[in-house]
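Peer 1: Below are the chains, spelled out letter by letter.
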Amino acid sequence: MVSVAKVNFDCTINGEKKTISAYPMARLLDVIREDCELTGTKEGCGEGECGACTIMIDGELVNSCLVPALQADGAEIKTIEGVATGEQLHVVQESFVVNNGAQCGICTPGMIMAALKLLEEHPDPSPDDIRHGLAGNLCRCTGYMKIFESVLAACQSMKQEV
Amino acid sequence: MRSDVTQYEMVAPKSLDEVLANLSSEPGKWTLFAGGTDLMVLMESGKLAPKNFLSLWGVKELKGISYTDDSMTFGALTTYGELQRHSKVREYFPMLIQAAKETGGLAIQNRGTLGGNIANASPAADSPPGLLVYDAELELTSVDGSRWVPYDGFHTGYKQMKLGEAELITKIRVPRPDPKGVHYFKKVGTRRAQAISKIVLAGFGLMNEGAVKTVRIAVGSVAAITLRCHKTEAFLTGKSLNDSVIAEASEIFGGEITPIDDVRSTGRYRRQVGKNLLKDFLESL
Amino acid sequence: MANAAIGRSVPRKEGRSKVTGEIQYIDDLSFPEAIYGTVIRSPVARGKILGVHFEGDFPWDEFIKVTAEDIPGENRQALILNDQPCLAVDRINHREEPVLLIAHPNKHLLIEARKHVRIEVEEETPIYTIEDSDAKKEVIWGEDNILKKYRVEKGNVDDVWASAHKVIEGEYRTGAQEQLYIEPQGMVAKASPEDGVTVWGSLQCPYYIQGSLEVLFGIPADQCRVVYAATGGGFGGKEEYPTVIAGHTALLAWKSGKTVKMIYDRAEDMAVTTKRHPSLTRHKTAIDKDGKLLAMDVEFLLDGGAYATLTSVVLSRGTIHAVGPYLCPNVRVNARALATNLPPHGAFRGFGAPQSCFAIERHMNKVARAAGLTPEEFRNRNFLNKGQRTATGQLIEENVDMQGLLTTALEKSDYHAKKARFAKENVGQRIKKGIGFATFFHGAGFTGSGEKHLASTLGMEADRNGRIRVLAASTEIGQGANTVFSQVAADTLKISYDAIDIEKPDTEKVPNSGPTVASRTSMIVGNLVAVAAKQLLAKLREAQLLGDEYTPDQFNSACDQYIEKHGELKVISEYSQPPGINWDEENYQGDAYGTYAWAAYVAEVEVDTLTYVTEVKDFVAVQEIGKVLHPIMAAGQIEGGVAQGVGFAVYEKVVWRDGVMINNQMTNYIMPTASDVPEIRVFFEEEPYAYGAAGAKGIGELPLDGSAPAVINAVEDAMKIDIDFIPMLPEDLFELIESAANNGQGEE
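Here the protein sequences line up with chains U, G and X, keeping their order. Take the first sequence: its position 36, counted from the start at 1, is 36 in my numbering, and no numbers get skipped. Take the second sequence: its position 57, counted from the start at 1, is 1057 in my numbering, and no numbers get skipped. Take the third sequence: its position 11, counted from the start at 1, is 2011 in my numbering, and no numbers get skipped.
Among the hints, a few may not be true.
Here are the simulated lysine to aspartate or glutamate pairs, EDC-like style, with alpha carbons at most 16 Å apart [claimed, not checked]:
id : chain 1 : residue 1 : chain 2 : residue 2
1  : G       : Lys1047   : X       : Glu2268
2  : G       : Lys1101   : U       : Asp128
3  : G       : Lys1060   : U       : Asp73
4  : G       : Lys1101   : U       : Asp35
5  : G       : Lys1275   : X       : Asp2608
6  : X       : Lys2107   : U       : Asp128
7  : X       : Lys2539   : X       : Glu2568
8  : G       : Lys1047   : X       : Asp2265
9  : X       : Lys2107   : U       : Asp35
10 : X       : Lys2720   : X       : Glu2738
Covered stretches of chain X (chain G as the covering partner; in silico rule of three or more C-beta atoms under 8 Å from a C-beta of chain G) [what the hints assert, rightly or not]:
id : stretch
11 : 2261-2273
12 : 2552-2566
13 : 2659-2668
14 : 2729-2735
Rough simulated footprint, nothing fancy, chain U against chain G, three-plus residues with beta-carbon under 8 Å [as the list claims (entries may be wrong)]:
id : stretch
15 : 1009-1019
16 : 1036-1047
17 : 1051-1065
18 : 1188-1196
19 : 1265-1272
These are computed hints drawn from the structure, not numbers from a lab. By construction, the Cβ of each residue, glycine as well, lies at the ideal position given by its N, Cα and C atoms.
Using the sequences and the hints, build the whole thing.
Peer 2: Below is the structure:
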């Protein structure tokens, strides 16, 4: 079987310029995990349902399993590896540790990306905002309560920082 | 079982002209690819035959929302996220907002597009019922130019539509509805969020002196296409609504839909819930 | 002394690596030289294999192919019985049964090629239901399709029926449920006759896998090494199934001489791995005129699927929990697990108890109605108390207060006021509200003599800086094992929580502390940590390096001096059964569990009569679980379990067609999202258990038992309709309402 040709394109991942060589319809998820060796982004379902592969492209949440590589041409990508500043955890990450928002941890990177976006859009989220903002990220361990608490606690810390 | 990604070609034209040139020079070769929220799922499940795709994602001419006093026009690549963020859409087309909000999660809403949703032609899609009752029109464009067609009647059968091989959907236009009208949208999904519809019903109605002046009803997941219920509408128009009229409308509606059993629900359930939703809509007028 | 860690919500041990994405799950580990393996599976549910054909335009000679003939040892999955082959030979007993294995360095080519291996079969008639199997429509397993049976007898139920005030019968069903851990299963293996077998993977029970590899390859245990990778949820789904994947991956590695990686995609994972056993329970109950239980006759049937796997133990737990936390002088439980041509069912959190608990908690509501009592009053008259005996004759010696737990749960949920208000307000409303509860218990740890047979061991080692390393095969799968072990070690040694490390489970490095199952990890293995810590202290004291009182610095220096002198400071603790536990396996009599957790859960629902959709709006979970070691993580366990229970009740349905799950996608198998779960409010009562770590009992499985019946009892309250099965989806409720309307039952 003859494969199609790989394509080369540039994008930015966590602030770093990258040149990618990939099959045009390769899943961006695989490009990130295998070619860029950023394995923090997870695969749970491969069909945009579980949210474990959630990343940001140009500041918006997307499921990286549903993005063909070629559509990342010129994109600014942020993954979980780009959330902390050096050794310093982001407030949201810290809050997930303290409040047990992560149990098995497999949904956590995607969940944190969604939580970051949620707090960006709703600095003072209502319970409904939180539920809606995280509804695209499935968690089988927590029943979500400790995730909600993690987000609320992060929100409090962010307010105090300001 | 997933598919082998090395067998799928994709090119990404940067302009509409380039897209149209591709479509006309090699008719039938190219399949259009918008946000990928459906096609990538099909590829994952091994249900997408290897094809040559034209990615539309970078085509700026297909983006943007504009409006006049009479209507609103959406570029085919308008995402559900963009719809929700637009204050005028929120003001005039609440059903589109609701449909957008209930499509997948936020990450899906940032990639799923109106044009893609129409062209993908799933009878379970969330935005078509709203578009149908808002009397949407589609702009279809090829190298030979553009034409506007009513969205109603565009789909002719399961995944069948009146779209030429060299054409693509470039814009969707919806006239501003009468401000006195009632907008009704109810999606019954498998759960509250991240759900595919078991049935979705959109209705727009306007009463005049106790009688139905205008009524438009569309319903998804109950037929091979998203169905505009013309017979039910015709019956209701001019009538005063009471229990027996609603009951009769329900019968006619029941004759228009052809719901089936599938992995998500049953035909019997869909039929009954469809009738319940119709009744709920009519009682809200 | 350092701050006590137990009872305090210290940060999760591996929490930081989880929020940064640094922690590595099996698919994240780098094996640059690995080739990719996959399984070719049976296309029918039952039949004979006639041949295997490699079709299509593929370079088939480049592929590594493994059939049963390539197995160096025995072709079987060593678990409880020997009935399940690693690779099918001649016969096929369920859809997706592994027939052969292929591997190739090119992942893309492998994906496509696997679709072109055709298994030629002669189809035979399969059976898919408990009833068909029980009726022996086809005999597909042994002589009578019975994978296992138990009988529990107390008093004599048959003496009671004639004189009873009332006799109430009911029949209840539960469906298959997918564990739906978010990380799909996967393994990587290296293997050769010279170096033995090593597998890395997503798993709960390293030593189960080791035992099975030993048989499959015919080599000694010490040549079968199993290494845990961070595991993204298990819930029982990674108890026995990883053994299958480990065997397959290792066989491909053995044959190819290469490292082989096999990661399931979601569709494969859902279609082929084990699910919760479907069940059918028949109850016949006699009461006297005061509403006291006189006799309970229960038939408890499980669908085991095509092979025995862990079914016998699942049946056992379901059997023992079948009559709930109630006192009844005459009890009979007849339990059978039956074979069908579905893929084998297996472990899932709760392990048989959620099935029989659903039945008893629905049935108790029905019996209460017949007795003319409220569900609450009826239960209060029949709860098991201290000093009384369970169905297996176990004397309850702990302080049990089921009535107190129920009262608390009803207060916290404002049950009485709401129940009255809903009854009044529901009339004529489109949305019907309801509130219901379930009361239940869950035996912690292995059943009967199980823990004694396991004879778990655990190691603890100090370094010269006084850092402690806990060596256990118990795996961190999200439940908090690492954290709890560290808390127990720190407090027993009176050093800081931060001075404890947990060794990664690796059969080459850690002793066998038993499988990570049965709500046993904190209670039993946690106690082994405490015992080891005491042994370690004893060594230091014997060497006169440590007094009764000491500072962390003194401890560190004692470790340093000890190691200076003796080379290492390491201890191994061993399980010893608490005194007074007697279990008669033959007659299913005696002390089934060392202790029980006790609970009362209340659910509030809204049912939309326009769409028949049930939403759970509020949930109160009150339980007595011994000492709460880590309040936040314990609550997290309960909340997660409740969400799974809500799914079990009203969302999660496995749709079968021709013996295979056809909704094997997350899009179509519906688990609750953040928008679907109710507010879950968790309350603990503490009655420390003398033989659990720091007084802890097991809690992991408990919340699965009572959640679903509480939800359905609430739906019953809202709709005034009998519901005797789960999952109860909107389509089901619609049909129930339709048939009730035809039979004159129900509200409208």
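Peer 1: Does each hint hold? Answer for all of them.
Peer 2: Hints, one by one, checked against the model:
1. G:Lys1047 x X:Glu2268: 15 Å, holds
2. G:Lys1101 x U:Asp128: 13 Å, holds
3. G:Lys1060 x U:Asp73: 14 Å, holds
4. G:Lys1101 x U:Asp35: 34 Å, violated
5. G:Lys1275 x X:Asp2608: Holds - the C-alpha atoms of aspartate 2608 of chain X and lysine 1275 of chain G are around 14 Å apart, at most 16 Å.
6. X:Lys2107 x U:Asp128: 43 Å, violated
7. X:Lys2539 x X:Glu2568: Holds. Lysine 2539 of chain X to glutamate 2568 of chain X sits at ~11 Å (cutoff 16 Å).
8. G:Lys1047 x X:Asp2265: Holds, at about 15 Å.
9. X:Lys2107 x U:Asp35: 14 Å, holds
10. X:Lys2720 x X:Glu2738: Roughly 13 Å between the alpha carbons, so the hint for lysine 2720 of chain X and glutamate 2738 of chain X holds.
11. 2261-2273: holds (count 3)
12. 2552-2566: Coverage by chain G is violated here, the residue count being 0 at a Cβ distance below 8 Å.
13. 2659-2668: As far as the stretch 2659-2668 of chain X goes, the hint holds, because 5 residues have Cβ atoms under 8 Å from chain G.
14. 2729-2735: holds (count 4)
15. 1009-1019: holds (count 4)
16. 1036-1047: With 7 residues close enough to chain U, the hint holds.
17. 1051-1065: Holds, because 4 residues of the stretch 1051-1065 of chain G bring their Cβ atoms closer than 8 Å to Cβ atoms of chain U.
18. 1188-1196: holds (count 3)
19. 1265-1272: Answer violated; 0 residues pass the 8 Å Cβ test.
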